[in-house]
Structures are given as structure tokens and as C-alpha cells.
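Asker: Below, each chain spelled out in residue letters.
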Amino acid sequence: MAVRLRTPLSEEDVLKLKAGDIVHLSGIIYTARDSAHRKILELAERGELPFDLNGAVIYHCGPVVRKTSNGYEILSAGPTTSARMNRYLDEILSLGVRGIIGKGGMDVGPFKDRAVYFSFTGGAGSLAAKSVKRVVDVLWLEELGIPEAVWVLEVEDFPVLVAIDSRGNSLYR
Amino acid sequence: MIEAIVEAIRLAVTRIPDDVVLALRKAYAEEENETARFNLGNIIKAIDLGFADRVPVCQDTGTVTFFVEAGVGSPFLGEVRGWLIEATRRATEEIPLRPNAVDVLTGRNSGDNTGEGIPIIHWEPVPGDRIRIAVLPKGGGSENCSALAMLTPAEGWKGLTRFVVEHVKACGGKPCPPVILGIGVGGSADYALLLAKKALLRKVGERNPNGRIAKIEEELLTAVNSTGIGPMGMGGKTTALDVKIEVAHRHPASFPVGLVVQCWANRRAFIEIKPDGRVDVWQ
Chain A
1 MAVRLRTPLS EEDVLKLKAG DIVHLSGIIY TARDSAHRKI LELAERGELP
51 FDLNGAVIYH CGPVVRKTSN GYEILSAGPT TSARMNRYLD EILSLGVRGI
101 IGKGGMDVGP FKDRAVYFSF TGGAGSLAAK SVKRVVDVLW LEELGIPEAV
151 WVLEVEDFPV LVAIDSRGNS LYR
Chain B
1 MIEAIVEAIR LAVTRIPDDV VLALRKAYAE EENETARFNL GNIIKAIDLG
51 FADRVPVCQD TGTVTFFVEA GVGSPFLGEV RGWLIEATRR ATEEIPLRPN
101 AVDVLTGRNS GDNTGEGIPI IHWEPVPGDR IRIAVLPKGG GSENCSALAM
151 LTPAEGWKGL TRFVVEHVKA CGGKPCPPVI LGIGVGGSAD YALLLAKKAL
201 LRKVGERNPN GRIAKIEEEL LTAVNSTGIG PMGMGGKTTA LDVKIEVAHR
251 HPASFPVGLV VQCWANRRAF IEIKPDGRVD VWQ
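Those protein sequence lines, which keep their order, are chains A and B. Under the working numbering, think of the first position of the first sequence as 1, with each following residue one higher. Under the working numbering, think of the first position of the second sequence as 1, with each following residue one higher.
Just chain A, with the same shape it has in the complex (with noise of 0.2 Å):
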């Protein structure tokens, strides 16, 4: 089955995806790999955190990025390896995320009831860019490199597979 979903995702949204199923992701979404996932977790326990995380989608991507005369122009951006965001993802689902995109898979736990995990071929950057319509925002890059900032980004129709759904159904072998 092949869906449209706009992020936010509502809980309704994401508790009916089955693993298998493709979905058109639009709006926004947030990259975040090692480093960011402690500054969000640490900001957000100060009750700092610069961005609201409820229904958000967040993207395991460091992408390539080309400066622009008026921003950032996002050249290559396909997933990194999840695995290593296991010991986070209680945590960052507690702050109301509904979905993550990564590759590799993820420990299943930790959705049930309350997220999905979504895959988007591994490698396949120059493809991912193609679904980014523009850079909206950029946090901590200076402080934690192009690869490792969190980079928030409206997509168009990402075309990604639900690869763990809430029920703890999961595609990886």
C-alpha cells in the first residue's frame, strides 16, 4: 500500500502503517545523528529545546551541502546507519516523534504503540536530495559540523518504506 502523509504525523497517522507499506512523506523533518541526538535530549530536559518535537519526523542523515548566495542547497542526503541512535530512541520518542527514517533498522521496542520506522535506501543520496525543496533552518552548525547539525528540511513526497510499525512488526532479517 502507498500513502501520502504531511508531518506533523498524528498518532492515527502512524498507528494504521503496517511494515511494508510506502509512504509519501511531505513537510518538514529534522536531521539528527550521534551528536545531535544528546544536545536535543540535553536541551530538552532543561526544557530548552528550540523546536517542537510533537508528531515530528526525524531524518538519520548527514547530508552534503553546498553554501548558496541566499542559504544552503542540500546535494546528496540518504540515511545513515540507525543502529548506532538505539540508546537514544526512548528517550526521543518520549518527546512526541513519530516517526525516524534511517536505514539498517532499529531495536523494535521502543515504537510499539507510538511510532514507525521508516527505511530510505541506504547510498541512494543523490536520490534523497531530490525529494528536499529547501533548507529551513540549520541548528548548531558551528558547533557540530555540516554532518552531525541538525538540518531542517521540507521534503516533497519522500518516497519511504515503513520498515517497523507499532504493532512490532519489522522487515529486517
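Treat the hints as calculated values from the structure; they're not laboratory data. Incorrect hints may have been included.
As the list claims (entries may be wrong) - Derived SDA-like pairs (lysine to any residue); straight-line CA-CA distance at most 25 Å:
| id | chain 1 | residue 1 | chain 2 | residue 2 |
| --- | --- | --- | --- | --- |
| 1 | A | K67 | B | E86 |
| 2 | B | K45 | A | E73 |
| 3 | A | K67 | B | R15 |
| 4 | B | K26 | A | R173 |
| 5 | A | K130 | B | K45 |
Put chain B on the given structure of chain A with help from the hints.
Answerer: Frame of chain A, contents of chain B only:
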């Protein structure tokens, strides 16, 4: 000269070699699993886009690694190191590459893919007056699946098969399968891993010239593909596009096996610097 090296890096990250593309198209044609076809289809689209737009196919443009066969009669021996570092800097800015060099203590990104010991340059002095350089940018996801097994000589080749298959299973989708496996056997712990990485410079389908080792490569490929891990770890026929083995004699007490896992984006390019300063770049 620096421009030629930048061009080689650009070629490596934006254009996947023909032998790899052919193997991926074959995998796509043979695949029946729908999820595997979704992933292989995306891979093929991404390859076409990277080349057409001259942008990196994969956003992880990796750690830039050079293997230098340095002809000891070349007039450029003293300059090559500086050229490789400067070309890496310029490539980061011009292509661009993702800056992937981070200080181990402070976590600070150098911003230009250079730093202590980076880019990685392996030197081998050879007779002659030409310098031949292989560029192998390698991503972190697949590199994290590298492994070393110090097997006992009694375990030997059987132990190697078990180790490789178990390791590929444990890695699952993490290294972006379908992968290409580089395996180094013998030498020492460090040398086995170096051989394993060098093995990745060979074309897909190109067998080890020693027939007995070539046969082991083929058997291992079949064993790895029968795991059913499949593209991106979600099931399917093709887990590996190829297996490459390089060997060295070993100590009687040791059977070192270095395993380097390469993702489907098996990026590579070659440069040859002739004694009159002319340069060839190819893939």
C-alpha cells in the same frame, strides 16, 4: 596535478564504476522480493542522478584513502603527499564532499577532510618512474563492519568461511548491502586488514589469479548470498555483489583474516603520473 587528483576524487564519488552498476542491474533483474526491488530500484536511480548532476551518489563521501604505488625513479616523489592533501581540501570545497574528519579528543570537525593522519595515504615504493594512485573514498557505515579474526591454523579456511558468514549476518542492513567483501588472509593482523582493503580495488567479477583462491571467492559469495539478508538487510537474493580475497604467507602459529566490508557504492578511481608530468585519470 592537483586538479587531476580532484577530478579523480570527483569521478570516484559521483560515478559508480561500470562493473558495479552492471552487477546491481543484474541483481535488480533477478530479484523477486518487492522490498528488495524498491531498494535496488532506488540505488539505480541514485547512480544515474549522481552522474548526471555531478553530485555525490552517497552523502557519506567517506574517509578519503589513497593507495600510492610510488615509482622510485619519478621526479615527483617529494611532492605527492602535499598534492594529495591539498587536492582533498579542494575537493571538499569544489565537489563538494561532506567534511568527515573529526578530532578524536574534542570532536571538532576540521571542515576540509584533512587532519592528523587524514587523508589516509598508503605508500608502496615500486621500481620505475611512474606514480600510480588509487583513490578509495569509504563510508563510515560499512567501515564500522570491518573485522579481524586471528584464527588458529587448525580452523583455517573452514574457520574463515564461518567467520565471514556469521559476521555478514550480524551486520545485517548496517553496511548498506548488497556489499562487496574484501578479505585479506595471512601476513599479520595489520597486514591482513590492509590486504582486505586493497582487494576492493579489483573489479566486480575479477577473480584472484590463483584458481584455488578464486574458487573460495566464488563459494563464499554463494554462502553469503544464501543468508537471505538481501539489499539493505530486508531480505532478498543479493546480499553481496562479490567477494575478493588477497593473500600473504602466514606465520606457522597464525591464521589472520582481515575483513573489510564495502557498501554497494564501491567508489574508486585511479591516477597515473608519468615522468614528464602528464596525468591519466580513469576508473
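Asker: Would you mind marking each hint as holding or not holding in the structure?
Answerer: Status of each hint after checking the structure:
no.: 1; hint: A:K67 to B:E86; result: holds, 21 Å
no.: 2; hint: B:K45 to A:E73; result: holds, 20 Å
no.: 3; hint: A:K67 to B:R15; result: holds, 23 Å
no.: 4; hint: B:K26 to A:R173; result: holds, 22 Å
no.: 5; hint: A:K130 to B:K45; result: holds, 11 Å
Hint check: no violations occur; every hint is consistent with the structure.
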